[in-house]
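**Q** Just so you know, the protein sequences line up as chains A and B, in that order. In terms of the working numbering, the first sequence is residues 85 to 220. In terms of the working numbering, the second sequence is residues 85 to 220.
In short, the hints are calculated from the structure, not lab data. A hint or two may mislead.
A pair holds if it fits inside one copy or across any two, identical chains being indistinguishable in the list.
What the hints assert, rightly or not - Below are the DSSO-like pairs computed for lysine-lysine, each with C-alpha atoms no more than 30 angstroms apart in a straight line:
id	residue 1	residue 2
1	LYS134	LYS145
2	LYS145	LYS133
3	LYS108	LYS145
4	LYS133	LYS108
5	LYS108	LYS134
There are 2 protein chains.
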Amino acid sequence: MNRNPLADLGNLGDYLREQRESHKLSLRQLSDLVGVSNPYLSQIERGLKKPSAEILQQLAKGLQVSAESLYVRAGILEDRPVPDTEATTVRTAIAADPDLTQRQRDALIDIYESFVGAAKPVRPKRTATRTTTTKE
Amino acid sequence: MNRNPLADLGNLGDYLREQRESHKLSLRQLSDLVGVSNPYLSQIERGLKKPSAEILQQLAKGLQVSAESLYVRAGILEDRPVPDTEATTVRTAIAADPDLTQRQRDALIDIYESFVGAAKPVRPKRTATRTTTTKE
DNA sequence: CCAGTGTGCTTGCTCTAGTTAGCAAAATGC
DNA sequence: GCATTTTGCTAACTAGAGCAAGCACACTGG
Chain A
85 MNRNPLADLG NLGDYLREQR ESHKLSLRQL SDLVGVSNPY LSQIERGLKK
135 PSAEILQQLA KGLQVSAESL YVRAGILEDR PVPDTEATTV RTAIAADPDL
185 TQRQRDALID IYESFVGAAK PVRPKRTATR TTTTKE
Chain B
85 MNRNPLADLG NLGDYLREQR ESHKLSLRQL SDLVGVSNPY LSQIERGLKK
135 PSAEILQQLA KGLQVSAESL YVRAGILEDR PVPDTEATTV RTAIAADPDL
185 TQRQRDALID IYESFVGAAK PVRPKRTATR TTTTKE
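Generate the whole structure from the sequences, applying the supplied hints.
**A** What follows is the structure, given as structure tokens:
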């Protein structure tokens, strides 16, 4: 999954610079806007430094993009966290529910399986229909 | 809007410890599982250190929770990362599952709500309106 | 021609995330 | 009773994120 973090960083940096320039902001202007020093912004955009999630969050606000999209580019979020609309949905929904403890999940899935009478394996579906990389 | 990182950290740490213990893992076992040193895990759980998104991602995998939920707790993601994946999803998934009888659906939802302690009214949503037009 | 201001970038520095080595206390076994 | 292991934790350290200060180059315009 994360093969070469530096390459991904370059990608992220390019994207950030692109966004900044499309907003017609200088490094100092963006720096002032998001509260991150301008030399550091420069290094991020050139892929020399790896920004933390906090910095990315600030940048997302300043550049008016979703934080998630930056996280995905930074490699700290999966592309599409939840696929659904299938028979596996109950299982995946239970598995992904943050309000449940693991034991509760196990119990629920147990009950569910006793209901449907099946022991289907959880299949990780891949629905990657959503890359905003419209640069071609 | 005025976030207090330390308070959130305590919350995150408590949650992580809870998850780890519910999996019946020791610090060293989890350490070995997710590739993070056990002293550091200890410090994270007690709210002494603030884990990066990478660490949180590893922990999410090891503890089988969604990375998003950890990010939200860590304060680096807004509360609704995915529109309809959270609490309503288990309900809608159950309601939409063709393999269940109505009585089984009621029973499952009953159990689920007793778990999460929610008293939300069961809204007769048909199919999960999944027009997830991500803004951008 | 040289002051002023804008751009991005380099250089040191601080601070902290995350590590390895090692500790005291509790459990298990002889 | 005492070894051994396993528990969580403390201490000392390294690497790198993120900062303030300052540089070189381009523009104005006087």
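**Q** Give a verdict on every hint.
**A** Results for each hint:
no., hint, result
1, LYS134 x LYS145, "both (18 angstroms within a copy, 22 angstroms between copies)"
2, LYS145 x LYS133, "both (20 angstroms within a copy, 25 angstroms between copies)"
3, LYS108 x LYS145, "within (16 angstroms within a copy, 39 angstroms between copies)"
4, LYS133 x LYS108, "within (23 angstroms within a copy, 38 angstroms between copies)"
5, LYS108 x LYS134, "within (23 angstroms within a copy, 34 angstroms between copies)"
Every hint, counting from the list given before, is met by this structure.
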